[in-house]
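*Asks:* The listed protein sequences derive, respectively, from chains A and B.
For the first sequence, the numbering used here gives the first residue as 1, with consecutive numbering after it.
For the second sequence, the numbering used here gives the first residue as 1001, with consecutive numbering after it.
Hints are supplied without guarantee of correctness; some may be wrong.
[Claimed, not checked] Straight-line Cα separation of at most 25 Å, BS3-like style, residue types lysine-lysine; simulated pairs: (1) B:K1279 / A:K41; (2) B:K1217 / A:K39; (3) B:K1345 / A:K138; (4) A:K214 / A:K234; (5) B:K1217 / B:K1161; (6) B:K1279 / A:K39; (7) A:K17 / B:K1250; (8) B:K1194 / A:K59; (9) A:K39 / A:K111; (10) A:K186 / A:K162; (11) A:K59 / A:K21; (12) A:K21 / B:K1194; (13) A:K162 / A:K218; (14) B:K1279 / A:K17; (15) B:K1217 / A:K59; (16) A:K41 / A:K59; (17) A:K169 / A:K21; (18) B:K1345 / B:K1250; (19) A:K59 / B:K1271; (20) A:K200 / A:K234.
[What the hints assert, rightly or not] Here are some chain A residues pointing at chain B (derived, C-beta under 7 Å): (21) A79; (22) D81; (23) A106; (24) S110.
What the hints contain is simulated information worked out from the structure, not anything from laboratory work.
Cβ coordinates follow ideal geometry from the N, Cα and C atoms, glycine included.
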Amino acid sequence: MRAIVIDDSRLARNELKRLLKDLDTVQVIAEAADAVEAKEKIEQEKPDLIFLDIQMPGKNGFELLEDLEYVPDVVFTTAYDEYALKAFEYNALDYLQKPVQIDRLAGAISKVAEKKEKRKQLEGDENYMTASEQVFVKDGERCWFVQLGEIRLFEVDGNYTKVLFEDHKPMIPRTLNYLETRLDPKTFFRANRQQIINLKWVEKIEPWFSGSIKIFMKGGHEVDVSRRQTQRFKELMSF
Amino acid sequence: MKIEHFDRARLYWIMQSFGWGLFFILYTTIASLFIGVQWQTYASYGNTVVFGFLTSHIYRLVIKKYNWQSLGLGKLSVNIIVASLLLGLVISVLVMPVNQLYFQVAGDFEQTLSLPVIVISVAFQLAFVMLGWSLIYFVFHFFVNFKVTEVEKWRLEAAVKDAELIALKSQINPHFIFNSLNNIRALVVEDAEKARDMITHLSDLLRYSIQFNAKAKVCIEEELEIVENYLNLESIQYEDRLSYTLDIQKATLEYKIPPMAIQLLVENAIKHGISELPKGGEIRISSLLIDNHLVVEVKNTGRIANKNSGTGIGLNNIAERLRLVFGTNTEFTLKNVENNMVSAKFTVPLTA
């Protein structure tokens, strides 16, 4: 796996690189000292994995993730940060506490490799974000990596978009139009101006007023499809 | 507390004796005025007083045992009225037959009445006496307890202040400790000699935070030594992103301040200043004497963006500790100053 190490302390980066040298599953291809540099290198190198410090000058680790268009797998590193630790406890994201123990490092990496293997079986079209890909979402103190396939619905909320999965609905700083261009149209359908739905989560479809349709989602949401999009929906669904 | 308890007990006996004594004198005097001096008058009232004394003492034991003082006013009033009536009756039943039999007073109109009627009427009179007794007892206790409560409130406030002071003596930020250890670990390979120095700095810093936290004040010289240890350690984290200068007036070195006061300001300057700046910045520490006041200032590169983000618990703690140690005559300011710097400054009156 190709990895980038992101930490504002040079010594901390060196320390991690030294530890990783002993593990032949990971090659460190670049390093970054802050979020700006990191974003540049991640988007350029498209690594499989990043080691990410939470506390950094300018944007912190979480803010960097929210900013990324391409989100690789992430192993967080932190010295001691109650706030961050709480976020991890909610969702069992992988994190390492500095100074890092080599065993724990190896454990985190094999977990990432496992996850990657699982995802490979779901792989789809290269140009779009497919159901197997993950997005990082954060809502107050809590944060998640969510597989797109788990997301039932995207809904406009001001300048943000609400993401509905399980029983959570955090917001991401993206517009619905942007998401529409990025999401795989085989799975995700723009039902109207407000919503994009995941077709895999559709429970039933009923005709509605003047030729439009209403979609009932698993988990209880009802979505009115605009007349124009109903036409598109029918085209998409017909053989 | 023991002395107070003893005093209270003695006071009770004095008041009890005085009260019943007064009762005796008053009633015998009045009776003698109407029917002339007779020994029976004294004997019968003496008898009443002895029983009254004993019964009211038992009454007091009951009050104490069932802790009537904790009762609400409504319940207490009902209890007092019922108890007074009951006690009046008890005393009367015990005393009047004897008085009627052995200490018959000549010329008393009560002689014409039957014994039960006498017992009942005297019971009511004695009930009023017991009511008076109760009123005195509880009103007295109310005031004494009020005073005790007041004193306890002050004691508690002082204790809370002490506890606050201990809690406010902040510990070293754990994030910093673990970052330092991680950096030293890397440094061991890169520059073993420097790594050794850093371990010493970290040890001194930890020792200081453990030992001096127990003290209310330390002298500036000691505090600055620790600040320098700290800055040395942060220098390996931030490397060329951090530079610092100390401008210390020699005369200020022996003055005393709460431990960690400067240290926490410097920690804040790094946390909210230097660590937020990708290009890093500078920290300037100064201390001087002006008009019988000690002025300590810590400046760092950066800006306070808004009131909510920067002025957190840390700085409030410092201001609070200074106020607890030096009194209200203390000034603490945090503001943006020229050259793109933030200044945290405290001014305290010179005492030692």
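*Asks:* Does each hint hold? Answer for all of them.
*Replies:* Going down the list of hints, with the structure as the test:
1. B:K1279 / A:K41: 19 Å, holds
2. B:K1217 / A:K39: The hint is violated at about 48 Å.
3. B:K1345 / A:K138: 37 Å, violated
4. A:K214 / A:K234: 13 Å, holds
5. B:K1217 / B:K1161: 16 Å, holds
6. B:K1279 / A:K39: 17 Å, holds
7. A:K17 / B:K1250: 46 Å, violated
8. B:K1194 / A:K59: 31 Å, violated
9. A:K39 / A:K111: 24 Å, holds
10. A:K186 / A:K162: 21 Å, holds
11. A:K59 / A:K21: 28 Å, violated
12. A:K21 / B:K1194: 24 Å, holds
13. A:K162 / A:K218: 17 Å, holds
14. B:K1279 / A:K17: Within the cut-off at roughly 23 Å; holds.
15. B:K1217 / A:K59: 38 Å, violated
16. A:K41 / A:K59: Holds - the C-alpha atoms of K59 (chain A) and K41 (chain A) are around 15 Å apart, at most 25 Å.
17. A:K169 / A:K21: 40 Å, violated
18. B:K1345 / B:K1250: 18 Å, holds
19. A:K59 / B:K1271: 14 Å, holds
20. A:K200 / A:K234: 16 Å, holds
21. A79: 4 Å, holds
22. D81: Nearest chain B Cβ about 6 Å off; hint holds.
23. A106: 18 Å, violated
24. S110: 23 Å, violated
Hint compliance for this structure: hints 2, 3, 7, 8, 11, 15, 17, 23 and 24 are broken, all remaining hints hold.
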